[in-house]
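The listed protein sequences derive, respectively, from chains S and C. Sequence positions in the first sequence follow the numbering used here and run 1 to 527. Sequence positions in the second sequence follow the numbering used here and run 1 to 307.
Hints were generated in silico from the structure; no laboratory data involved. Heads up, a few of these hints could be off.
[What the hints assert, rightly or not] Lysine to aspartate or glutamate pairs mimicking EDC-like chemistry, simulated, CA-CA at most 20 Å apart: (1) Lys-174/C with Asp-135/S; (2) Lys-452/S with Glu-44/C; (3) Lys-140/S with Asp-38/C; (4) Lys-372/S with Glu-361/S; (5) Lys-444/S with Asp-74/C; (6) Lys-174/C with Glu-252/S; (7) Lys-193/S with Asp-38/C; (8) Lys-444/S with Asp-38/C; (9) Lys-384/S with Asp-38/C; (10) Lys-372/S with Asp-382/S; (11) Lys-47/C with Asp-135/S; (12) Lys-221/S with Asp-231/S; (13) Lys-47/C with Asp-414/S; (14) Lys-131/S with Glu-44/C; (15) Lys-57/C with Asp-118/S; (16) Lys-193/S with Glu-44/C; (17) Lys-452/S with Asp-38/C; (18) Lys-140/S with Glu-44/C.
[To be verified] Label pairs and their calculated CB-CB ranges: (19) Glu-315/S with Ser-268/C: 30 to 38 Å; (20) Thr-11/C with Ala-380/S: 44 to 52 Å; (21) Thr-100/S with Thr-11/C: 35 to 43 Å; (22) Asp-83/S with Ala-50/C: 51 to 59 Å; (23) Leu-347/S with Ala-50/C: 45 to 53 Å; (24) Ala-50/C with Pro-348/S: 46 to 54 Å.
Every residue, glycine too, gets a C-beta built ideally from N, C-alpha and C.
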Amino acid sequence: MLLRSFRHAVVGVGLALAFTGAAQAEKVLRVGNDGEPQSMDPHYISTVQTSRLSDDMIVGLLTYGQDGQPIPGAAESWTISEDGKTYTFTLRDHVWSDGTPVTAEDFVYAWRRLLAPDTGAEYASLLYIVKGAEDVNTGKAGPETLGVEAVDARTLKVELTAPAPYFLAQLAHQTAFPVPKHAVEKYGRDWTKPENIVVNGPYILTEWQPKVQATLVKNDKFYDADNVAIDKVIYYAMEDRTAMQKRFRAGELDLARDIASEQIDWLRENMADSLRIAPYAGTYYYVFRSDKEPFTDARVRKALSMAINREVITEKVLRTGMLPAYSFVPPGTANYGEPAYADFKDLPYGDAVKQAKALIEEAGYGPDKPLKITLRYNNAEDHKRIAVAVQSMWKQIGVEADLFNTDGKIHYADLKQGDFQVARAGWIADYNDPQNFLFLMESKSGPINYSKFNNEKFDGLMAEAEAVSDLGQRAKILHDAEEVAMDGQPVAPIFYYVSKQLVSPKVIGWVDNAPDKHPTRFLDLEQ
Amino acid sequence: MLSYALRRLVTAVPTLFVIITVAFFMMRLAPGGPFDSDRALPPEIEKNIAAAYDLDKPLFEQYLIYLGRILRGDFGPSLKIRDFSVGELIASGAPASMELGFSAILLALVIGVSLGTLAALRQNSGTDFSVMSVSMVGIAVPNFVMAPLLSLVLGVYLDLLPTSGWGSGELRYKVLPVIALALPQIAYVARLTRGSMVEVLHSNFVRTARAKGLPPRSVIGLHALRNALIPVITTIGLQVGVLLAGAILTETIFSWPGVGKWLVDSISRRDYFVVQGGLLLIAGIIMLVNLIVDVLYGLINPRIRHN
């Protein structure tokens, strides 16, 4: 009996010690982030590297779950009107990190601020689906005309211009985040400084040393703080992928959010247990200036696109697990189904080259009159390797391509101004919906429709899809639209992006996903 | 002396003005703007952003606004890291840059002077020839070749030190950048010290000191070296400009979070105000150091007086 009590006591003390030991050991996640954050103010964020920090700090009406899919966040529930144009959200009863309740007014204030012209928010157009948003943002109407209303402290009503099934997914994006009205009004531009910042999410900024690191610590006032395991997360700003990889190998980082692609073979061989390659919602493509000779002729565009051997590019040139692309919308995109592929997808490459050659000759080019074009890309080793490969593929069909490379700023400025013939571009989705890809070819999209594609049928289908609230019907219309685009080939999709990163086997709870969202609140570390 | 310094400060103003003007217009003439990225912005949003930074105004008006700001001590906002002003960014990068610069100068002085003295004492010996030929290589091989070479050999092949980065500010991250920046300076200082030392060792006062029977240590340490160092100290001041240029390269190659790396990154990001502010800062430092050196030179060398 005595022995048993003694045993109990020993076990009890042991458990208590183990428990306090666990409670004391601070869990710190060290992340190699492949870019410097731009701002901690969600209205001034336009890079994924920055959104990783803001997603850890602020929770929108919806937020990203462990698998990257939107889950309820600041809103605990919502109703949608029958016409799909009015959303009514009930906010969760929760507080900002200074104890002030999060109210519907914080959202109204935030969205009006995002869209106010003098805020100069780069991403404001993402919320143009909200009634009156475009007019507010272009200064045609006052902020009070925006279709968003705080019915009471915990009820938010939003009106849309059209039924948009992607609206809920958009609400997890940082543009739709609330901002603490009381803090922004008190500190102005300085509200995001570590000493002033107020958040409603799982982590709060305590230190930011530009070019070096930003440190976030757990916010105990977060509504789900009990289920947050990591106490502190440090984001190291590391643009040099090789250096990041070295630090990861040395055990100084738990996550490296990008890899040095040229070392893929070595990584596969030596770090297979850490290497994570997963489909990523984005497409790498070449764009043809479709309103200028010689690319006004759809046959020329199609011939050039057909002659690109995508399999060689993904398997021989890049070798990082990218998938060859024959559609603009990547497979697996929400609210869609199978994308519309170009009709030459299943053609053996030899036949594709023959047909491409025939098309080019039909368009009036041949050995006596070779087609001479310039292919532009922005400086980066991979872009260069792809361009060189494509140049030689085009040579087979008698097309002479000069390569022209510039720094990124010049490249994109020229793309915007239409100063190119064929150019490299890429698109990563802001929200998981085919519309977020296809709109790039709509004539009303302005400069981002680099190709200046102006196809009535395509535009008509896109407009039709916007007005439809039935998901199945909408998916079909969008599919038809993509079919038109893949037939006209204003763009030649080359491959679908993959996310490439190193995740230490010590990290628990990491789920590969296409939006590539991995909120720290769902992660844990094996001690 | 004071009036000389003041006069020099006043004449610095037009030079700085020219630098501000050139930096301003060169940045604006560069193709591509700060907000061009893989996502072309809708024109109306681009207009809003431009207006938020006064970039929509005529260029000359923007220039006047900028001049007005500089006069008030405001270097403007960063267009790419919006939570920081240019002043704050420079302040955050300055300690790292100064650490790099001072460590390199210190290393150059200690090693350079020792090697130079050693070579001078054993003039025309094997030691002398090897020190001088190695230092010739040090001067001849530019910083931008030496830095990656060091990183490759010591960082990658031998895996002794981190190839680049700042880590959490640990010493091992700092070794390579400091050595890379200091090497040409070590070589320079060694050659200078040797030349000056050889001359001093043949002068009358050294001969007198020796004749008095002073031990060699105090002849060299107390008498010869002190005099031999005068030209070294004055030229190291003038070398600050060279050092700054080297620091920009070194910081870029080793991803060192100092002002130089900011400057280079900001050029490719077209972060106008950061580049302009950074250039102004560097120009200011070079001018200030030159002024200090000139004043000191007058103090050290009685043959020169600024009246």
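Item checked: Non-conforming hints, listed in increasing numerical order -> Checked against the structure, the hints that fail are numbers 1, 3, 5, 7, 10, 16, 21, 22, while the rest are satisfied.
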